[in-house]
Amino acid sequence: MIRAAVVGARNAAPRGLLRSLALVVPPQLDAFVLPGMDVARARGLDVESAGLRPVATPRHAAVLLIVGELPESLWDAATVVYAQMARPRAIVALGGDGIGPLPGPDASAAMGQAGLEGAIERVRRLLRTGSWSQETEPFEAAALLPKRRTRRKKKKPAEPPAAERPSNDGTANDGAMHHGAMGGGADMGFMSMVRLTQHLPKGADGLPMERVQTPFGPFFPGLPSGLALTLWLDGDTVAQVEVASPVGSRKSDLSTGSGDLAERWSRRHPFAPAAYRRLVEAAAGGPPLDLGHVAALELERAASHLNWLADFGHLLGYAWLERHAAAWQRRLRTGCDLDRLAALEPKLLAVLQRVPRTPLLARRLTGVGVLDADELEGVGGPVARAAGLVRDARLDEPRYRSLGFEPVVRPEGDALARLSVRLDEIRRSVTLALAAYRAHGAAGAMGAARPEVERRSERPVEPGSGAVVDPPARAARIETPRGVAALQLRTNGDGAAEAVLETPSTAVLPLVEKLAVGQELADALVAISSLDLSPWEVVQ
Amino acid sequence: MSPLQQYALLFGMAVATVGFVAMLYLIARSFGRTVAEPAKDVPFTAGTLSRSPVWVRYHVRYYGFALLFLAFDMEMAYMYPWAVVYREVGMVALLDMGVFLAILFLGLVYGWSQAALRRQ
Amino acid sequence: MTLVAYLLLVFVGAYVVAVVEEWSTSGRLRPTAPLLHGLALLARESLTPRRHDRNLFEAGPTLLLVAAVLALVALPLAPGLLPVELATGALWLNAALVYVAVALLMAGWGPDGAYAMVGGFRFVGQFIGYAMLIVMPVTAVAMRAESLATIAVVESQAPLWNVLAQPLGFVLFLVAAMAVCFLPPFDQPVAAAELAGGVFGEYTGVRLVVVRLGRLVLVLTLALSVTVLFLGGWLGPWLPPAVWSLLKTLAVVLVMLSVGRYLPRLRTDWALEWGWKLGIPLALVNILWVGVVLLVGPA
Amino acid sequence: MIQVLFVVLFGAVAIWFAYKVFTTASMMRSALALLFSMTAVGAMFLALQAEFLGVLQIMMMASEMVVMALFMIMYMMNPGGLAAMEMTHQKRLSIAVAVVAGLLAVGAALFGGWPLATEAVAAPAGQTRELGLEIMERSMLVFETAGVTILVAMIATTALAIRRPA
Amino acid sequence: MSVLVVSLIVAAVLFAIGLYGALSQTNLVMIMMGVELMLAGAMLNVVAFWRYLHPEAYSGQMFVLVLMTVMALEMAVGFGVATARFRSRGSVEMEEAVELRG
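Chains as they are written, first to last, in this note's numbering: chain A, 1 to 540; chain B, 541 to 660; chain C, 661 to 959; chain D, 960 to 1125; chain E, 1126 to 1227.
It is possible that some hints are incorrect.
[Unchecked claim] Residues from chain A that keep clear of chain C, each with C-beta distances beyond 12 Å, as calculated:
#	residue
1	A61
2	G115
3	Q134
4	V243
[What the hints assert, rightly or not] Listed next, with one range per pair, are the computed distances between beta-carbon atoms:
#	chain 1	residue 1	chain 2	residue 2	range
5	A	S73	C	Y922	35 to 41 Å
6	B	G559	C	Y922	53 to 59 Å
7	A	P138	B	G559	42 to 48 Å
8	D	G1085	B	M631	22 to 28 Å
9	C	G687	A	A343	58 to 64 Å
10	A	R128	C	L663	51 to 57 Å
11	C	L663	A	Q198	57 to 63 Å
12	C	G896	A	Q353	36 to 42 Å
Derived by calculation from the structure, the hints in this document are not laboratory data. Predicted model only: the values in this text are computed from it and were never measured. Backbone N, C-alpha and C define an ideal beta-carbon position, used for all residues, glycine too.
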């Protein structure tokens, strides 16, 4: 059943001119994507060809696109984002209705491009008829009301309490001009500016300035979705950083929950589902790594790196890179038949080769976010390999060695090195996947049919069989696109598991502060983005 | 048209543009008022409700450039009339302006050498 | 009459710029898209942030549009097609463009939002970087034309277009023109990924329409000014003068809008440093070059 | 007549914005009010048929006042004007002095008995040319002195404001 | 009233407002704004005199250019002083300058 109006309709009766104006729906609807474009891409969605134009702020968006199940920790933030959109506003939920306190979606569909396109079509129809309604009600939720506690904390200590005007939200003209000098009886007396500034920290140039506490996340377009940064800005320099990953999992949560662990975990990690599935299987005593696994894992690595590359291109304002990386990412994630990939490989290589030759790019990235080898305790993946450390779990795998695998290592440790390591790894991963595929000799589509691989190897887990009585904890390590993930797993009879997981992003998260503090905002964001950390796999 | 009429036309264009904008606002206003809702009027900060004011003393990092710009910019006041008569006056004009610009460039070089031309 | 014809052409021009911009970002040529987007935006709510500085918030986009329009009307499309014939047209162009920085400063400060404020101050920084690169090449053009009137500037290019007579000035002016319109790679103040829309992030509905319109007219103005100052304006064989002007302008628009797609965004302090340490000396060299050529060249 | 209308209109605008400079609590507004006051003065120059000077004033003052806004935001106690704050002293005296000075100037303007010139003002293009010749010929020394003054100011401001990195 | 007189009156009022600001404000930056307004009034005077008394004398226009330069340089040096003071004292209030001196 279709409602008469979108849930975020404007409050007016559609009459006359308005009725005809309502029929105008632009070819591309401006959309704000939750939790982020990176997740949408990783799910294989082509948002733009579905008729959406991703925008940077919900202010400009008409559609709130929610990709996948939104974790509960993001509900408040999603509520705020929705509340900040201008009406008429519509919600599209893909793959799951768990969208918390938000009003029910105007269109929902199963995950996938076809579902997205159908949902957008429905929203368009809905917008044509129901952009205006006389029965709109203000959207209210607990998350939107001012919290007294945090308010008081944020008040600047130096300001006299009497001077703080009551900030009644909603009155539009609050804080507009009021006459300090001419304001009759409001004589505040002389106030010392020296006292106001003497406690302030001084910058490198010796000027004591105030800092603005600015949240960057969890839905910031230039950062990984779900990463909640709070930056204290001193001008446009980052003076202080607070990092949180609300979407990460707690240690205690890992072992609880019902259902197939491998399935749940692969759903939890949008950027590397196959790697985590394989990790659980390996820890649960699954079959040894075969060539099919190698092909799937390497394709996933390439896709994950390309996804990052698209995000990085977006952050750098390098539209060409964003577009091409996103397209190649999609090709690798969805329905890429390896025969076709083999034919297309030269084109991908051409794109990859062009990136480092971009004018100004090397200059933009050199010396940004430098990490020395001795700061990288416990960090693996491209971040470590870009700082000259040969850390790669694939080196321990005979399968990889037989395929002639060699890790990519660069010594510089800056954002440029991380970029070139990942570019190289994309190339090598595709080559490895193709080599594994050829060696495997299997016919037909394989990259797309990863579920086939997975289904085949699911069998040995048999969580509910109860055949094994209290097996010893098993450990497994796997090289995910972001580095080594290690899992110790102890399954008991009823299928619940006791799991100890180490993920690469957990080790990388503390580096964020070090990279950002003291940097210009643009550099800080580039440095953070170049880490390619996935907040979803952080274990706290 | 006399110059004064030209200026009047310019002023008229400015007023007309403002009028056009006002007309757009009026049209948009006729479509109904904004629904007042909590948090809608708080500037977007990536999903977090940040209600603290940001109007504080802002650390402009390029004030070295700004200070030199204030002085250096004035050179243009002399260069425009000079450019118009340059051909007429000839060599003298080139030398005059050459000396003038050399003097100014000296100031720029001094600022450069004292690290004024960088992010502070 | 001239004014009406001119405004009509400008309106068409701005629309074409919008279509080209859509094409350069989405890769698809959709002639109706800007219109539909505009109408849909008009129908949306226009929010005002809490405790914003109302006057500045409202005046920012309006001033952007006014500045762009006032700069535009001093530029000729063809000999008879110039609404306001100022004797100091080239200077007037510079004067009007300064108010773009004022507009962005207002729009950045107005909403009391952190992203917008950082964006606004970044643009002022950018302005300090490009300001001299706008005025100095114009001076060199005026030297050749012996006048500040835009008509005289075009006429002075009859023997040789300025793009060939002073290529250095042309390059500097083109780059500065892109910086004025905060087009990529100079889009620091409005960067989507860095500041979530930055200066104009808080504008919605009809206010956003005005912002986008102002931006379009601004791009058109700068492209036309490049045409008039360096590409010989309406000069050209066979076709009517106004068509030449528009064709050249369209070509400049294409260049301005597409270059940024293939480059990473420049940091504000780089734009500043390069503008001052490289740009100003080069602009002075350009003036010297033009001066020497005018002295030794044919009268 | 256009001229009278413009002079009166922009005069009023200039005065109104000048008044706003010292009566608003927001420093950004204060700086921008000064900017628009200067712009209005530039428009008055145009109305007084000094085209080059008018456009130059509109341009130069806008760019300088934008920079001024930066420094206002940097160094004022309360740039947003969110807190009512007294920032004046000796107010009565200042008002008295200003009123007396203003009245004297107005009186001089009203009863000056100015001998109006008879010749018409030159066309704008001619003015720019004449000004150029003036700079190149009669006022050449003034012009070069201005250059030296600018140099001194640049050196002074750099020396004062810039702290060299250690 | 002739245009000249109107211009002179406007200039006088601008000057008076600037004078009030320069005298009454406690902050260095605001004092500079007052001085700017006074100079603007002076410039307006010069232009009006040039236009109505000596339209043939371009040294009048030249004088306006010099006044503009003075304004800009006043600002440049003034902000240089303000920066230096703010760095060393954390304040650009003039009263505090007196206080601190002893």
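What are the numbers of the hints that this structure violates, sorted from low to high?
1, 6, 7, 9, 10
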